[in-house]
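Student: The listed protein sequences correspond, in order, to chains B and U.
Counting from 1, position 366 in the first sequence corresponds to residue 366 in this note's numbering; the numbering is continuous, with no gaps.
Each number in this note's numbering corresponds to the 1-based position in the second sequence with 434 added.
I should point out that these hints are in silico values taken from the structure, not numbers from a laboratory.
In this text, a Cβ means the ideal position worked out from N, Cα and C, and glycines have one as well.
Fair warning: there could be bad hints in the mix.
[To be verified] Which chain B residues face chain U? A few, computed with CB under 7 Å, are given here:
#1 Asn84
#2 Thr88
#3 Asp255
#4 Lys424
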Amino acid sequence: MSKSLKKLIAVTACTALVFTMFTGCGSKASSSKTSSKSTNTKLTLLIDNQSSLDAFTAVATAFEKKTGIKTVVDLKPAGAEGDNIVKTRLATGDMDDLLFYNAGSLFKALNPADNFVDLSSQPFASRLDDVFKSTVSVDGKLYGIPGGSSFAGGWLYNKKVYAQLGLTVPKTWNELLANCEKIKASGKTAVVASYKDTWTAQLIVLSDYYNVHAQDPTFAEDFTANKAKFATTPVALKGFEKQQELFKKGYMNKDFQATTLDAGLKMLGEGTGVQYPMLTVDLPNISADKVNDIGFFPTPGDSADKNGMTVWEPNGIYISKKSKNIDAAKKWLDFFVSQEGVTAFATKSKAVGPYAIKDIKLPADSFTAVKDMMPLFSAGKTAPALEFSSPLKGPNLEQICVQNGSGIKTPAENAAEYDKDVEKQAKQLGIKGW
Amino acid sequence: MNARNGMTKRIYSYAFLVPAGIIYFLVFLLPTGMSFFFSLTRWTLTDWQFIGLDNFKTFFSEPSLMIGFKNTIIYAVLTCSFKVGLGLLLGTLLCTKIRAKGFLRSMVFFPTLVSTIAIGITFSSMMHPTQGIINRALNLIGIVGPDWLGNTKIALLSVISVDIWKGVGMATIIFIAGIMSIPKDYYEAGDIDGASTYEKFKNITLPLCRPAMNTVIILSFIGGLRSFELVWAMTKGGPGFTTDLIASIIYKQYTGGFYGLSTAGNVILFIVVSVLAFPLYTFITKSEVDL
Numbered sequence: 001m002s003k004s005l006k007k008l009i010a011v012t013a014c015t016a017l018v019f020t021m022f023t024g025c026g027s028k029a030s031s032s033k034t035s036s037k038s039t040n041t042k043l044t045l046l047i048d049n050q051s052s053l054d055a056f057t058a059v060a061t062a063f064e065k066k067t068g069i070k071t072v073v074d075l076k077p078a079g080a081e082g083d084n085i086v087k088t089r090l091a092t093g094d095m096d097d098l099l100f101y102n103a104g105s106l107f108k109a110l111n112p113a114d115n116f117v118d119l120s121s122q123p124f125a126s127r128l129d130d131v132f133k134s135t136v137s138v139d140g141k142l143y144g145i146p147g148g149s150s151f152a153g154g155w156l157y158n159k160k161v162y163a164q165l166g167l168t169v170p171k172t173w174n175e176l177l178a179n180c181e182k183i184k185a186s187g188k189t190a191v192v193a194s195y196k197d198t199w200t201a202q203l204i205v206l207s208d209y210y211n212v213h214a215q216d217p218t219f220a221e222d223f224t225a226n227k228a229k230f231a232t233t234p235v236a237l238k239g240f241e242k243q244q245e246l247f248k249k250g251y252m253n254k255d256f257q258a259t260t261l262d263a264g265l266k267m268l269g270e271g272t273g274v275q276y277p278m279l280t281v282d283l284p285n286i287s288a289d290k291v292n293d294i295g296f297f298p299t300p301g302d303s304a305d306k307n308g309m310t311v312w313e314p315n316g317i318y319i320s321k322k323s324k325n326i327d328a329a330k331k332w333l334d335f336f337v338s339q340e341g342v343t344a345f346a347t348k349s350k351a352v353g354p355y356a357i358k359d360i361k362l363p364a365d366s367f368t369a370v371k372d373m374m375p376l377f378s379a380g381k382t383a384p385a386l387e388f389s390s391p392l393k394g395p396n397l398e399q400i401c402v403q404n405g406s407g408i409k410t411p412a413e414n415a416a417e418y419d420k421d422v423e424k425q426a427k428q429l430g431i432k433g434w
Numbered sequence: 435m436n437a438r439n440g441m442t443k444r445i446y447s448y449a450f451l452v453p454a455g456i457i458y459f460l461v462f463l464l465p466t467g468m469s470f471f472f473s474l475t476r477w478t479l480t481d482w483q484f485i486g487l488d489n490f491k492t493f494f495s496e497p498s499l500m501i502g503f504k505n506t507i508i509y510a511v512l513t514c515s516f517k518v519g520l521g522l523l524l525g526t527l528l529c530t531k532i533r534a535k536g537f538l539r540s541m542v543f544f545p546t547l548v549s550t551i552a553i554g555i556t557f558s559s560m561m562h563p564t565q566g567i568i569n570r571a572l573n574l575i576g577i578v579g580p581d582w583l584g585n586t587k588i589a590l591l592s593v594i595s596v597d598i599w600k601g602v603g604m605a606t607i608i609f610i611a612g613i614m615s616i617p618k619d620y621y622e623a624g625d626i627d628g629a630s631t632y633e634k635f636k637n638i639t640l641p642l643c644r645p646a647m648n649t650v651i652i653l654s655f656i657g658g659l660r661s662f663e664l665v666w667a668m669t670k671g672g673p674g675f676t677t678d679l680i681a682s683i684i685y686k687q688y689t690g691g692f693y694g695l696s697t698a699g700n701v702i703l704f705i706v707v708s709v710l711a712f713p714l715y716t717f718i719t720k721s722e723v724d725l
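Can you make the complete structure from the sequences, with help from the hints?
Tutor: So, in structure tokens, the structure goes:
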């Protein structure tokens with residue numbers, strides 16, 4: 001090869017290398033399309049990457065058509081890693097204008113009074129459901145709006161396979177175990193587990209809370225006041241025992257450690273996995289042609305008449321105090337909870353439970369699983385999840401539940417480990433009595 | 435006049451060191467000192483509260499934290515030994531007259547150039563129990579592969595083997611440099627005396643590549659003690675806490691908001707590395723032989 005040709009190749013290669021560096025500069029954000037009305041205001045919204053980006057973009061597009069204000073949607077991971085990003089960004093003053101994040105204890109751990117805008121005097125404040133308001137308020141001040149419908153935690157199940165195998169919805173834990181036996185015998189996976197996404201491992205313990213509350217109504221207060229513990233309260237310990245029982249009896253999918261949430265939902269939709277302890281908030285992530293084959297039943301307790309559902313309030317949308325566009329952000333929130341906004345959101349992400357806005361009703365084309373939930377809502381057989389009745393939720397519960405569901409250590413040891421985790425958090429948050 | 439000259443020279447030398455010294459102080463010494471202090475407190479981003487040695491007590495009493503110690507020592511010892519052993523063998527091999535020496539050297543060295551996170555993600559998808567390439571290949575010859583990263587007994591070993599694969603290249607290169615610097619005269623003398631290949635290896639190569647071997651031992655041992663990215667990319671310390679290393683525990687406590695505990699973990703890691711690495715270094719450099 002001649003010297004000048006070698007030189008040319010070298011220079012081209014170097015330039016190509018430099019340009020490949022710039023491919024990494026694109027961010028995972030999506031912005032709404034431009035419209036005829038255009039102002040210079042631009043809002044940023046931070047959501048987690050397992051929520052419906054399409055639904056938020058749909059609302060942003062509709063909002064832009066109405067007001068000319070663009071919204072850029074940013075993504076962060078879900079679970080504990082996402083919590084870390086939120087806490088860091090708030091600390092460095094780098095938070096987006098709008099934040100979509102859990103309500104309840106997780107929200108209260110973010111020090112709302114210092115970080116978010118008080119919305120108590122906004123016109124939409126009176127239209128919000130009171131139970132929801134209590135989960136996003138501190139010291140009587142309201143900080144957020146519902147970022148979707150409320151949802152429940154329990155068991156999603158494939159109705160087609162249930163019909164094939166002649167099973168009925170279990171009303172007690174023993175009935176559930178009997179169903180699992182029959183499903184296992186037929187060669188399908190009885191319980192889908194997706195521990196690669198560690199947060200999904202918590203569902204059995206968390207959704208069992210209705211049964212804890214039914215037997216021990218003051219558990220939440222005692223738990224917060226350092227008087228009741230998971231390890232020493234038998235009905236609370238049951239959640240951990242139930243999870244490990246499913247592992248020990250071999251009802252879970254063989255590769256549960258490596259299965260992701262999406263893979264788990266796929267199994268459920270196809271019927272290879274028949275039951276999935278999960279939040280109904282993930283229904284929109286099941287393919288549209290399969291999602292109406294999926295039904296819902298709450299985690300059963302010991303007796304059929306004490307059967308009820310553990311309910312999660314929707315995540316909230318909050319305005320960062322350091323935002324430079326607070327008025328535009330307030331308009332955004334007002335739009336989001338209006339019928340227009342709710343309908344726009346529902347075009348991409350249908351309701352997964354009743355809305356937490358007083359004057360908005362569920363449409364007729366809701367998911368089958370949501371329709372299964374409504375009788376329980378109407379009969380009042382619901383209890384809000386523990387993270388809404390108590391500011392304490394240990395950050396390591398995900399890993400402890402993975403441990404528990406993998407058969408590592410006994411349920412009692414895992415519950416005790418969680419109690420210790422909660423103790424550390426209580427001290428870190430400076431809660432009285434610890 | 436000589437004394438004044440000497441002093442001016444010395445001031446000049448120190449003056450050149452001052453900028454680097456300031457950076458070293460601000461970015462390393464000062465934060466290290468501060469973290470020693472903050473490990474004795476419970477701190478949030480706005481406020482701190484002195485609690486004495488409580489953080490350290492918690493660290494040593496919780497099983498999910500103590501497991502980090504055990505795992506880190508196992509990790510450091512195994513990666514170090516295999517990197518030294520394999521590195522030495524490959525280094526000796528690649529110094530002999532074989533074809534495609536250049537190509538083989540690049541092949542051995544390339545894992546060092548790739549990002550650890552990328553390797554972690556690639557291997558963890560290869561190690562998927564049913565859909566990963568490794569188990570599918572084993573299935574073709576009739577073996578049912580285990581759950582490499584989910585089986586609590588072998589998860590740590592799987593991560594260790596990936597770390598060895600990644601790090602052996604660097605060790606090999608260092609050994610090649612060390613072996614190449616041994617004068618040929620020794621080998622010729624050995625040939626004259628009728629030494630076999632093995633005897634030449636044991637009596638010439640091994641003692642004289644001691645400096646290279648010591649470098650590899652220290653670097654891979656300290657690297658193993660501090661390892662984080664690979665374990666985080668492959669298992670995140672899971673399942674549960676079974677593959678947690680001290681570094682990933684520190685990170686988990688930090689993301690959980692337990693900043694004081696996380697700082698205490700860092701202090702412990704600092705102490706562990708010093709306590710283990712320093713004596714090791716003194717021990718192995720005692721027996722260095724001059725060429």
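Student: What are the numbers of the hints the structure violates, in ascending order?
Tutor: 2
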